[in-house]
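A.B. asks: Listed here are the chains, written in short residue letters.
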Amino acid sequence: MKLFKFSIVFSIILAILFSYDFSYAKLQDHFKKALGKSNNNHAMRNIDFIYMINLDRRPEKYTLSMKYLDKYGIKPYRFSAVDGWKLSLEEILDVGVRFKPGMTPLLGTTFVADPCNSNKLITSHEFMQEYDKTYFVHCIAPGALGCALSHISVLQDAYDSGYETVLVLEDDIEIVRNPHLLSDLIDELDSIVGHDNWDVLFTDHDYRIGVNTYLPAYGACKRPDMDNRPEERYSDKYTKTVTINQNFRTVAARFGTTSMIIRRSGIIKLLEFAKERNIYLPYDLENYLVPGIKRYGLNYDVITNMLNSLSDIGAQGNVTSEKITIESFLQKYSHQIYQDVLVKNQIIAPGTDHCALRYDLIKPILALYTNKNFSVLDLGAAQGYFSFSIAQEFPQSSCVMIESNNTSYYAHHGDMLYDLCFLNSHLQNISYLHKRVNLSDLSYLNEHEHFDVIIAFLVVHLMEETLQEQIKIIESLLTLGDNLIIEVANDVGVVHTSYVEFLSTKLDCQYLGEVKRHKDPKSTSTGKLFWFRTKNNNKKKRSSSGARPEGLYPDHGEEAQRAVSNQKGAPSSTTHPAITRKTFLQLNGVYPVNFQSKI
Amino acid sequence: MNLNNVLRQFTIALCLLHVNVHCANSWSLEHLASDKKLAASGSYNNPELARKMETVFQHLKNSWCSQEKAKLIMEIIIFERLTMCVEVGTFMGSSALPILVSLEYLKNGHAYLIDAWSNQEAVKGLSPDDQNAIWWSTLDMNAIKNHLLHMLGHWHLDSYCTVIHETSEQAVSHVDSIDFLHLDGNFSKDGAHLDSKLYVPKVRSGGYILLSNVLVTANQEPTKMKALWPLFETCDIVSEIENGNVLLFRKK
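One line per chain: the protein sequences are A and B, in this order. Take the first sequence: its position 7, counted from the start at 1, is -6 in the numbering used here, and no numbers get skipped. Numbering-wise, the numbering used here comes out as the position in the second sequence, counting from 1, plus 474.
So here's chain B without its partners, still in its complex pose (with noise of 0.2 Å):
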């Protein structure tokens, strides 16, 4: 399969995937720590930062990863300087560009892109007829990793990630005092509550999570719902973005 096939069953998967949608509460920098707003208002005058995000913002142009998440993504590394950086279900990487491209810009810190690439993997815990479940089982992983590397090599961000080819079960013991986590793994209720519980306290105090697809469901249910339970029980919530349907927590 090549890419363009992939990137044609990333909109039929648009379709495919039923999110629910009930509300919207943008991301600003009024969401910093307090210490910070400041600092970042004034970090907007930087010319080099606003080329790095229009060029982080047209590459992702179409991809999964919103321009909205990316410039949180951004702000939120770049503004709170969070340097260890860990992504559970990086896939082809529409997030992780904009994670590294933070850090290049800091010149500073390490992401960790953790990903099985595998379609046993991602198809783990949903049942076989959903519709999810059909689409993660029929894609070219193998060229779906390679659309990663050849991003990284072509961004020259190599030298601020490790790419981990493992579940996220084993890839845990690599990571630990995150400052920034994105979660976007595994879509089946128990995968996902899994990476919340072995991911979250893995955050230091301070830091910050981004859970993605939280309206994701599987056969008409909702399946983050019990990975948000780790979060509310050592979190606050920060921000809500695409209509609630990633949000960003900040641990306690």
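Chain A with its partners taken away, still in its complex shape (with noise of 0.2 Å):
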């Protein structure tokens, strides 16, 4: 009997053992503490209290936001945010999700410790799949860490407090109509949907990006630990809002936490939900998850968002992109990217990923159009490494860069480039438009643009989700140029990989190599290239050049060596935009600002 007495016993203790996590701390132990609170007049009628969140090397944006609050005698709680930019690799990895048995492994972003600078950090983009191992949503940036543990924060003072509804702010508002009038809104809120039967009010009707022009959110974002079905993240949950009168709407899934009222109801849930499953997203996108949370919001604005604010979510800061200098852009964006920064043809900050190898593979085709004019297509540019050296090192190349914020990468790439231009001005041959482009721009590019090269780098299938979809644009990308330069990844987008591979075996192509694409000594992600020679399927179609690369592999047609022919002693010029500006407009060419259309 004492045999069993103890055997239950040390069951119970070993059990307790293998289910506490011992190697993470847990996510309130990296809360930050509201400090000096001694001032009790940050109230209003219906809300016990009120917080602004607000770094505190942000100081001209509490200052903004007070200013307009003056006006309506408002005193926000100033609460010094967490600077996710400053946080420890411990820390980052103690509030994330853990990968466990069971998740959905899905494609995400952890960060590890540079290994020439204990000091930064390298973020690495993987698919799950080691087991207890932090994991946030792909591409996330350590600011939306910060924003993330500042509302966290907040709930929890008060929750403390025992305050029994609160209205956070972010720092950077816009008062569209008198705040008081929330006061009112709470009251009729209650007679409506009663006292205990909501917990967040949103101030305002949503997230706005223009004037009267909101940006909707059509489902809900994955988490590994979550059902992540289509069904369920589209389901009505997720998508649906009701009007409930001229004031008054329920909220589904929606962008932004700049203003919200929450009930103790909802501070409870959130706060919940938060310790209980740690970040993976950003805030915005978390908190519609949480089981049972009832979300209203408004009509109109009242308190919203302030258009075209500065944000330190996705880089640490903002300067106007004509002044900016190499300081102010490292600065800018400190946090390790993607590609080599390259600027004046130097490299100003090394990326996380091999450029220079791949460079190395294509270079070979790209000297087939020595002293042609040719145009090339970089879909998908990143931070140009790609199209800044082949501008720099081909005079007389005419390089389109395509790439947008908000891509499956960084959330600043298109501002990031946008930047990069700037610092690139030295170079007359480059343009870039800034936009996601789908099938439909690809297929008005068909119709008006033909290129000579197009390098599309592990680009394809983050632009549509299904393999059908991704078949489509490659078939529109063999249209669209004489040359199509693809890379297709070994861990990621595995079936499109699969199908490139396959129809190397059918069309005329060159596979280039294949390349280690991270830097990370553990990574073995691989990167394979092909090389698709299109030309005799574009017969009707004009190029820059007219001419198809010649010379370097063997297997050439004799008509696109009479083309070669034909071309030499061709005139040169450093100006002669590969697109028209009809093109540069449609697609929304941002650079150069004085675009010059081709003839």
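Pair ranges (Cβ atoms, derived):
{"#": "1", "chain 1": "A", "residue 1": "426", "chain 2": "B", "residue 2": "500", "range": "11 to 21 Å"}
{"#": "2", "chain 1": "A", "residue 1": "255", "chain 2": "B", "residue 2": "632", "range": "55 to 65 Å"}
{"#": "3", "chain 1": "B", "residue 1": "524", "chain 2": "A", "residue 2": "20", "range": "52 to 62 Å"}
{"#": "4", "chain 1": "B", "residue 1": "500", "chain 2": "A", "residue 2": "255", "range": "29 to 39 Å"}
Read the hints as simulated data drawn from the structure, not as lab findings. Here a beta-carbon is modelled for each residue, glycine too, at the ideal position from N, C-alpha and C.
Fit the two chains together into the complex; they arrive one by one in their own frames, and the hints show the way.
C.D. replies: And the structure:
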């Protein structure tokens, strides 16, 4: 009997030991305290306490917001925000989601210490497959973690303080209507749905991206620990909003957490979810996932987000591109990024990925155009490494880069490339279309333009979700250029990779080689580069040179050889944009500012 | 090993199999050939069909065959009237059930359920230290086959199928002019490719091929990529379900 009792006690101890994760601190260990709350003036009718989250290094944003609120006699308590960019690796790994058996493996982002500089972090994008490793949503920036930790810390303070209703503001607000209206609206919402029957009230219509223009959310984001089936993610729970009356509507998934009134019931639900599940997504994408949360919003804006506000989520600060310097660029984008950052042919910041290896593979193809005008489309240009390199080394090239913000990689890819265009303004042969292109855009390009060379490195599988659509994109690219150089990965978009490999056996294609993608020595990610020569399929199309690269590889046709010989001695020019002004405008061309159309 | 142990091992296996999830495109009746769409939408008023489907879904809860996949199988077989069905890699029969219930509903057709039910065959081509190989090598294959046979009896589906206890290579001679092929066999690169090479040519023009576990990996490498090539060569993609882990093709 004693032995039996002992074995039970021993089993319980073992179970506790194995179920407890000793290697990580809890999320709440990293909450920031709300200090200096002696002044009790941070309230308004029906709202016990008003918080404003503001980074210590952003006093100007706080000052501006206070100026707006001061007119109405509203004085929020300034909560010193958690600066995500200053979180240590240990802190970051503590607050994220640890991948466990039973979770859905997703493409995620994790952070590792830079082996060359322990104070720096390397962002690693990988499929979740290592148990107990911390992951976040793909390409999350540390700023977003700081934002989420700030919000959750505020909720903890509100809970500890016993508040019934709080208003939580970020520091980039715009006052559209008198904020005291909110007190009356709380009364009305209480009377409509019941005092205890709502958790969050957004003080605006939705997340603004322009005047009377909002950015709607169309479903829930994936989390490895949640049901990620489309029928769940796009279910009514996350997509359906119901208008209640002229003032209110229910809120499903939405962007932005600039201004929210939160009831104690909501504080508890949001806190419990965060403590139980940790941070995976940016805060606005996470808090609608909280089970049973009842969220309401207004049919108009009272307090909403300021348009074109500076954001420290994805990068540290903003500087006008025209005035940008290398120093300000590095300060603005201090986190390590994907490609090596080139300015005037020098690497000013090394990227996480090998770029030179890939450039070496494609250079012989570009070299076939030496002394000829030729056009290059760089689809998914990222930091522009390839276009800037080509434009520098081949002055007679004309490179069109396509990139945008909020692609699968970094939130500010598009802005970063825009800044880099100005830092590389000595190059007269680059242009930049700031757009997330889709099949329809490619169809437009096919109707109006043609390129000598298209490079599409690890981008097609990110443009569309399904293989069917990805195949259509590849088909479109094959007719858009005389030479399509496409890179596919061994660990992401693998079915798409298989399709490209299959296609390479069916079309006029040369396999250029396989390169290790990431500099992280532990990474096994590789990219395979294929060169599809489609000139014979595009007889009716026109390209800048009209030529097909020739001489390097043995299996070119007679017609192509004639085309090349006809081009010898062709006039050279450094100002020969590859696209028309119509295309530049149609596809949101942003650089050069004074774009000159091709003839 | 009893059935409970097998089921428990299933759960463990679900954790062990590293599946790369990348995309989603749900199955719907819209994917049916154009002349079948109208009839299909009308058939849904038939209470017998709705009841049969619901019973199958209930039975398959927590099995390896998701409701989305079972629904796809049943709709494609019933509404396209695919009567000559072949499944490579029947295992416990989770996917065979919706196939056979569909044939029973049609009161027409036959399915050939092929599996070697052999640990040795299941790990063929996998490296011994691979997690899949470790799992497949320890299963009680007799218990699994018996489970299938019991299920066939319980559902009175014996007359709609022939159980072929052979390797896919041996069994290929038994089948021809396939209307619906479910490929869910060997997880190794060579094994999956061989299944595809052997069986895709046996599908008639206009027939359908469902490829399961597309994103399965062994030693961190996807193993079914080469198996896709015969499909890319001769078929069109119709639908992608389970985040791209199950693909439906139509033979050109």
